[in-house]
Amino acid sequence: MATHVTPALLEPGYAPEPVPYLEAWALQRRLHDGLVGDAGDPGYLIALEHASVYTAGRRTQPSDHPTDGTPVIAVDRGGLLTWHGPGQLVVYPIVRLRDPGAVKDYVDRLEQALIDTLAGLGIEATRVDGRAGVWIRRAGQPDAKIAAIGIHIEDGVTMHGLALNVNCALDAYEAIVPCGITDAGVTTVAEQLGHDLTPAQVAPALIARLGELLAPALAIEARQVVSA
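First residue of the sequence shown: 1, per full-length UniProt numbering; consecutive thereafter.
The hints are simulated quantities; they were obtained by calculation from the structure and are not laboratory data.
A quick note: this is a predicted structure, and the numbers were derived from the prediction, not measured.
Incorrect hints may appear among the rest.
Straight-line Cα separation of at most 20 Å, EDC-like style, residue types lysine to aspartate or glutamate; simulated pairs [said to hold, decoys possible]: (1) Lys104 <-> Glu191; (2) Lys104 <-> Glu154; (3) Lys104 <-> Asp64; (4) Lys104 <-> Asp155; (5) Lys104 <-> Asp116; (6) Lys104 <-> Asp76.
Please put together the full structure from these sequences, using the hints given.
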């Protein structure tokens with residue numbers, strides 16, 4: 001999957017400000033609906049950072065909400081409650097799958113792109129059976145989640161996607177049980193490397209690897225990258 005930045009859309013995800021969640025969700029929906037209506041549209045990868053927000057997937061219960069009363073946006077992705085905010089690289093593939101029923105294969109490709117990108121940075125990450133996302137094994141400590149995945153497929157076209165903790169502060173996770181998992185921690189790329197790195201620095205490698213791994217699963221070659 002060749003990629004290029006669509007010049008019609010700017011990059012507030014990296015500068016000057018993170019993107020409010022509802023604005024990005026509306027963009028996803030517009031692109032999704034356009035793709036559903038145009039079989040020749042190759043699809044998009046939206047890469048950005050969000051303004052700080054909690055979002056609740058379809059399986060979230062009221063008891064999962066933040067203990068401090070912080071508002072939560074209910075969304076149509078799978079999964080439970082999570083946080084998005086500055087320092088976290090979010091990528092939303094809006095693409096038409098060759099086989100819309102091959103959900104596990106699609107999620108596996110997202111996870112592998114994350115694992116490969118982290119390996120390129122010198123970080124050994126892995127899957128954990130029964131748990132979506134990408135994890136860091138820690139000797140003598142609970143596993144730590146470094147990337148979350150939550151998707152929605154409608155009319156054969158994907159929405160939502162993945163979130164990689166690059167250099168975000170982790171205090172926002174203290175008010176929730178991330179993704180409903182009580183026996184694990186949360187970590188970042190910067191924490192694992194021992195030095196700072198930004199989402200903008202990580203994005204090109206992740207987008208390129210997503211392009212390579214998603215291409216065989218798509219009904220048509222996606223060729224546009226949108227930094228919204």
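**Message:** So if I understand the rule, the pair passes when the alpha-carbon distance is 20 Å or less; does lysine 104 with aspartate 64 pass?
**Reply:** With Cα atoms ~25 Å apart, lysine 104 and aspartate 64 exceed 20 Å; violated.
**Prompt:** Straight-line Cα separation of lysine 104 and aspartate 155 no greater than 20 Å?
**Reply:** Distance ~17 Å between lysine 104 and aspartate 155 Cα, so the pair holds.
**Message:** Checking one constraint from the list: CA of lysine 104 to CA of aspartate 116, max 20 Å. Satisfied?
**Reply:** It holds: about 18 Å lies between the C-alpha atoms, which stays within 20 Å.
**Hint consistency between lysine 104 and glutamate 191 [alpha-carbon to alpha-carbon, up to 20 Å]** = Violated, at roughly 29 Å.
**Prompt:** Is lysine 104 within 20 Å of aspartate 76, Cα to Cα?
**Reply:** Distance ~18 Å between lysine 104 and aspartate 76 Cα, so the pair holds.
**Item:** Pairwise hint evaluation, glutamate 154 against lysine 104, where the allowed Cα distance is 20 Å at most
**Value:** Given that 20 Å is the threshold and the Cα spacing comes to 15 Å, the pair holds.
When the structure is compared with the earlier hints, violations turn up for hints 1, 3 and for no others.
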